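J.: For reference, the chains in residue letters:
Number of protein chains: 2
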Amino acid sequence: MSIKVIMCGLGAMGSGMARMIAEKQGIDIVAAIDASTEKKGKSLKDVLGINKYSEVIIRDDFENTIMNTEADVVLLAIDSFLEKVYPYIEFILKSKKNCITIAEEMAYPYTINQEISDKMNDIAKENDVTLLGTGVNPGFVLDTLVVVLSAACRKIEKIKAVRINDLSPFGTTVMKTQGVGLSEKEFYEGLEDGSIVGHIGFKQSIPLVAKALGITIDDIEELREPIISKTYRKTPYAEVKPGMVAGCRHIAYGKYKGEVLITMEHPQQVLPELENIKTGDYIEILGDPKLSLSILPETPGGIGTIALAVNMIPQVISASAGLKTMIDLPLPHGIENSFEDQVHYYNCQGVK
Amino acid sequence: MSIKVIMCGLGAMGSGMARMIAEKQGIDIVAAIDASTEKKGKSLKDVLGINKYSEVIIRDDFENTIMNTEADVVLLAIDSFLEKVYPYIEFILKSKKNCITIAEEMAYPYTINQEISDKMNDIAKENDVTLLGTGVNPGFVLDTLVVVLSAACRKIEKIKAVRINDLSPFGTTVMKTQGVGLSEKEFYEGLEDGSIVGHIGFKQSIPLVAKALGITIDDIEELREPIISKTYRKTPYAEVKPGMVAGCRHIAYGKYKGEVLITMEHPQQVLPELENIKTGDYIEILGDPKLSLSILPETPGGIGTIALAVNMIPQVISASAGLKTMIDLPLPHGIENSFEDQVHYYNCQGVK
Numbered sequence: 000m001s002i003k004v005i006m007c008g009l010g011a012m013g014s015g016m017a018r019m020i021a022e023k024q025g026i027d028i029v030a031a032i033d034a035s036t037e038k039k040g041k042s043l044k045d046v047l048g049i050n051k052y053s054e055v056i057i058r059d060d061f062e063n064t065i066m067n068t069e070a071d072v073v074l075l076a077i078d079s080f081l082e083k084v085y086p087y088i089e090f091i092l093k094s095k096k097n098c099i100t101i102a103e104e105m106a107y108p109y110t111i112n113q114e115i116s117d118k119m120n121d122i123a124k125e126n127d128v129t130l131l132g133t134g135v136n137p138g139f140v141l142d143t144l145v146v147v148l149s150a151a152c153r154k155i156e157k158i159k160a161v162r163i164n165d166l167s168p169f170g171t172t173v174m175k176t177q178g179v180g181l182s183e184k185e186f187y188e189g190l191e192d193g194s195i196v197g198h199i200g201f202k203q204s205i206p207l208v209a210k211a212l213g214i215t216i217d218d219i220e221e222l223r224e225p226i227i228s229k230t231y232r233k234t235p236y237a238e239v240k241p242g243m244v245a246g247c248r249h250i251a252y253g254k255y256k257g258e259v260l261i262t263m264e265h266p267q268q269v270l271p272e273l274e275n276i277k278t279g280d281y282i283e284i285l286g287d288p289k290l291s292l293s294i295l296p297e298t299p300g301g302i303g304t305i306a307l308a309v310n311m312i313p314q315v316i317s318a319s320a321g322l323k324t325m326i327d328l329p330l331p332h333g334i335e336n337s338f339e340d341q342v343h344y345y346n347c348q349g350v351k
Numbered sequence: 000m001s002i003k004v005i006m007c008g009l010g011a012m013g014s015g016m017a018r019m020i021a022e023k024q025g026i027d028i029v030a031a032i033d034a035s036t037e038k039k040g041k042s043l044k045d046v047l048g049i050n051k052y053s054e055v056i057i058r059d060d061f062e063n064t065i066m067n068t069e070a071d072v073v074l075l076a077i078d079s080f081l082e083k084v085y086p087y088i089e090f091i092l093k094s095k096k097n098c099i100t101i102a103e104e105m106a107y108p109y110t111i112n113q114e115i116s117d118k119m120n121d122i123a124k125e126n127d128v129t130l131l132g133t134g135v136n137p138g139f140v141l142d143t144l145v146v147v148l149s150a151a152c153r154k155i156e157k158i159k160a161v162r163i164n165d166l167s168p169f170g171t172t173v174m175k176t177q178g179v180g181l182s183e184k185e186f187y188e189g190l191e192d193g194s195i196v197g198h199i200g201f202k203q204s205i206p207l208v209a210k211a212l213g214i215t216i217d218d219i220e221e222l223r224e225p226i227i228s229k230t231y232r233k234t235p236y237a238e239v240k241p242g243m244v245a246g247c248r249h250i251a252y253g254k255y256k257g258e259v260l261i262t263m264e265h266p267q268q269v270l271p272e273l274e275n276i277k278t279g280d281y282i283e284i285l286g287d288p289k290l291s292l293s294i295l296p297e298t299p300g301g302i303g304t305i306a307l308a309v310n311m312i313p314q315v316i317s318a319s320a321g322l323k324t325m326i327d328l329p330l331p332h333g334i335e336n337s338f339e340d341q342v343h344y345y346n347c348q349g350v351k
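Keeping their order, the protein sequence lines are chains A and B. If you read the first sequence in numbering that gives the first Met the number 0, its first letter stands for residue 0, the second for the next number, and so on. If you read the second sequence in numbering that gives the first Met the number 0, its first letter stands for residue 0, the second for the next number, and so on.
A hint or two may mislead.
Note: identical chains are not told apart, hence a pair may lie in one copy or across any two.
[Unchecked claim] Calculated lysine-lysine pairs in the DSS-like style (CA-CA distance at most 25 Å, straight line):
no., residue 1, residue 2
1, Lys289, Lys23
2, Lys124, Lys3
3, Lys277, Lys289
4, Lys289, Lys254
5, Lys3, Lys23
6, Lys159, Lys277
7, Lys154, Lys51
8, Lys229, Lys175
9, Lys23, Lys254
10, Lys210, Lys157
11, Lys44, Lys154
12, Lys159, Lys23
13, Lys41, Lys51
14, Lys157, Lys23
By construction, these hints were calculated from the structure, which means they are not laboratory data. As the structure is a prediction and not an experimental result, all values here were calculated from the model.
Please model the entire structure based on the sequences and the hints provided.
T.: Right, dumping it as structure tokens:
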């Protein structure tokens with residue numbers, strides 16, 4: 000029997016997941032939920048052009064749909080923050096359905112709210128289902144890949160991981176949260192009033208890496224500064240004149256007793272190549288041996304997040320009950336055969 | 000209680016594992032076995048300079064030592080080939096001890112001998128223990144890393160993975176099996192008579208990747224050719240004049256109905272930088288998206304194998320019973336805290 004999925008949230012990410020699933024074998028979308036009034040009542044064929052799902056009608060009644068639809072897993076793509084997604088997650092778990100969310104804070108929610116995290120773990124266990132937060136970052140580039148690379152090390156002293164990307168494909172919301180096009184003064188005001196957030200994920204990636212590797216961290220310090228452009232940069236959603244802000248250089252330090260053990264940098268700007276900056280993912284482990292990994296250009300953010308969420312479905316369905324992170328499950332990977340066969344494989348292997 | 004390890008085989012790899020373990024917490028070597036008459040009766044302090052283990056006396060009576068020593072896991076580093084290690088593995092499993100081996104063929108033994116593989120799986124299950132084959136390659140660079148990278152892909156069409164290394168640190172045995180210093184004619188004679196083997200691992204890495212990703216392969220074709228040197232190359236164990244063989248370019252193709260889906264290349268030679276060849280690990284996934292990863296210089300072979308074998312101990316001890324591969328266990332990673340705490344973590348998480 001095919002894996003049954005409920006899509007919850009049909010923004011850019013949720014829509015992408017639905018399109019990806021439509022191309023895959025042994026997996027089907029059985030229901031779709033979105034809060035927008037324009038989508039309500041239309042089919043996935045009408046809204047996303049997925050012919051296969053002409054009979055999946057988009058609904059806005061979250062509770063009824065979750066409760067009354069038989070499904071193996073709910074893909075939740077509605078928000079970045081733990082407290083925003085928590086009520087939805089609670090309901091999904093209590094309806095005895097596994098849940099994968101791309102809410103960034105859910106990649107490792109313990110640093111955000113230990114109490115809610117413990118509660119989610121308890122509810123998942125009581126209902127014998129599994130909960131995972133994943134995505135490209137947090138969830139993959141600055142944590143999973145760092146963790147896996149370290150397997151070839153006898154000793155790890157320090158870690159530096161950098162992700163340099165290009166915000167050009169993104170729309171106005173992202174431009175605003177990264178301060179693109181602002182003056183330096185406006186950027187700092189935006190930091191102050193919370194409208195500029197930079198990257199959401201360091202509080203997840205750093206503890207994930209530290210926990211997996213057994214590195215003790217007692218402080219995570221974050222630094223956000225404007226990337227002042229020397230050149231004129233223009234995208235469909237942003238214009239940056241020389242001297243104005245091209246994006247946000249967000250850096251985080253995982254420290255122990257004042258010493259920096261893990262450094263993560265994620266400068267996000269439009270068109271970095273105009274100033275000869277190569278986009279890419281860079282991981283350096285200082286240890287024995289020293290290892291330097293790069294992915295050039297960088298793992299694409301949107302596609303990567305979509306792929307991670309969908310590709311982790313078999314591991315999540317097969318896992319033991321509870322709140323999991325990427326370090327608790329078997330290797331993530333792309334899937335070209337049937338999702339059902341993947342679940343069957345993990346079950347036969349006794350993999351949890 | 001600390002994890003108890005029996006070291007079996009104290010060549011370069013086994014000795015390296017013993018030294019690594021001596022530096023780690025929550026893990027101890029409780030016995031050491033080696034067939035060499037020179038080492039017999041001496042302590043790990045005498046032979047390897049590990050002061051901590053002055054009371055671990057090296058023995059050559061494998062069966063007695065395995066049977067009469069209480070231990071959680073045996074690290075087996077004695078040979079590359081399934082049929083050579085199988086009798087040892089069988090005995091270890093029947094003594095109800097987990098086993099990690101760096102025998103290359105054990106990274107995925109099914110392509111070598113399905114019957115023995117099934118038997119090992121059965122014996123492991125009957126005795127409630129776990130068996131894993133790992134190492135830097137096969138086990139990590141050309142399989143685990145490829146598998147993990149693919150998680151960011153919606154679709155995978157073809158894969159190419161290349162590992163370019165420098166054989167200079169190795170001794171005469173490796174020089175001979177790679178044909179270093181021979182004439183082209185002697186190289187082909189060596190291939191013919193089996194004295195030149197190239198890389199052992201493609202028959203493991205290709206099926207591991209294919210299986211994880213659900214890519215069907217019906218043939219693995221291997222090609223070995225001499226790397227003819229244009230320059231004079233000299234190492235402590237080899238001399239290569241221009242026109243002679245600097246090493247073996249070993250290539251393997253994973254095919255389906257004649258079409259190559261997975262290509263793996265591992266040219267092994269001494270001092271490739273003399274001809275401006277950069278050593279490194281290179282993975283390219285052609286799909287959606289296309290991803291290009293490199294590790295420069297390459298993940299070191301010896302240290303990497305030592306690290307992988309030791310770092311996988313917690314996952315193996317916590318795993319469900321049976322013959323496992325790297326795609327069945329939680330993320331591999333380096334360990335800076337206590338090995339015992341790592342096992343405790345996996346047990347608490349219900350990870351198998």
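J.: Confirm or reject each hint.
T.: Hints and how they fare:
{"no.": "1", "hint": "Lys289 / Lys23", "result": "between (39 Å within a copy, 18 Å between copies)"}
{"no.": "2", "hint": "Lys124 / Lys3", "result": "within (21 Å within a copy, 32 Å between copies)"}
{"no.": "3", "hint": "Lys277 / Lys289", "result": "both (22 Å within a copy, 17 Å between copies)"}
{"no.": "4", "hint": "Lys289 / Lys254", "result": "within (20 Å within a copy, 35 Å between copies)"}
{"no.": "5", "hint": "Lys3 / Lys23", "result": "within (12 Å within a copy, 45 Å between copies)"}
{"no.": "6", "hint": "Lys159 / Lys277", "result": "both (17 Å within a copy, 23 Å between copies)"}
{"no.": "7", "hint": "Lys154 / Lys51", "result": "between (51 Å within a copy, 18 Å between copies)"}
{"no.": "8", "hint": "Lys229 / Lys175", "result": "within (20 Å within a copy, 57 Å between copies)"}
{"no.": "9", "hint": "Lys23 / Lys254", "result": "between (43 Å within a copy, 22 Å between copies)"}
{"no.": "10", "hint": "Lys210 / Lys157", "result": "within (14 Å within a copy, 34 Å between copies)"}
{"no.": "11", "hint": "Lys44 / Lys154", "result": "between (52 Å within a copy, 21 Å between copies)"}
{"no.": "12", "hint": "Lys159 / Lys23", "result": "between (36 Å within a copy, 23 Å between copies)"}
{"no.": "13", "hint": "Lys41 / Lys51", "result": "within (14 Å within a copy, 71 Å between copies)"}
{"no.": "14", "hint": "Lys157 / Lys23", "result": "between (40 Å within a copy, 17 Å between copies)"}
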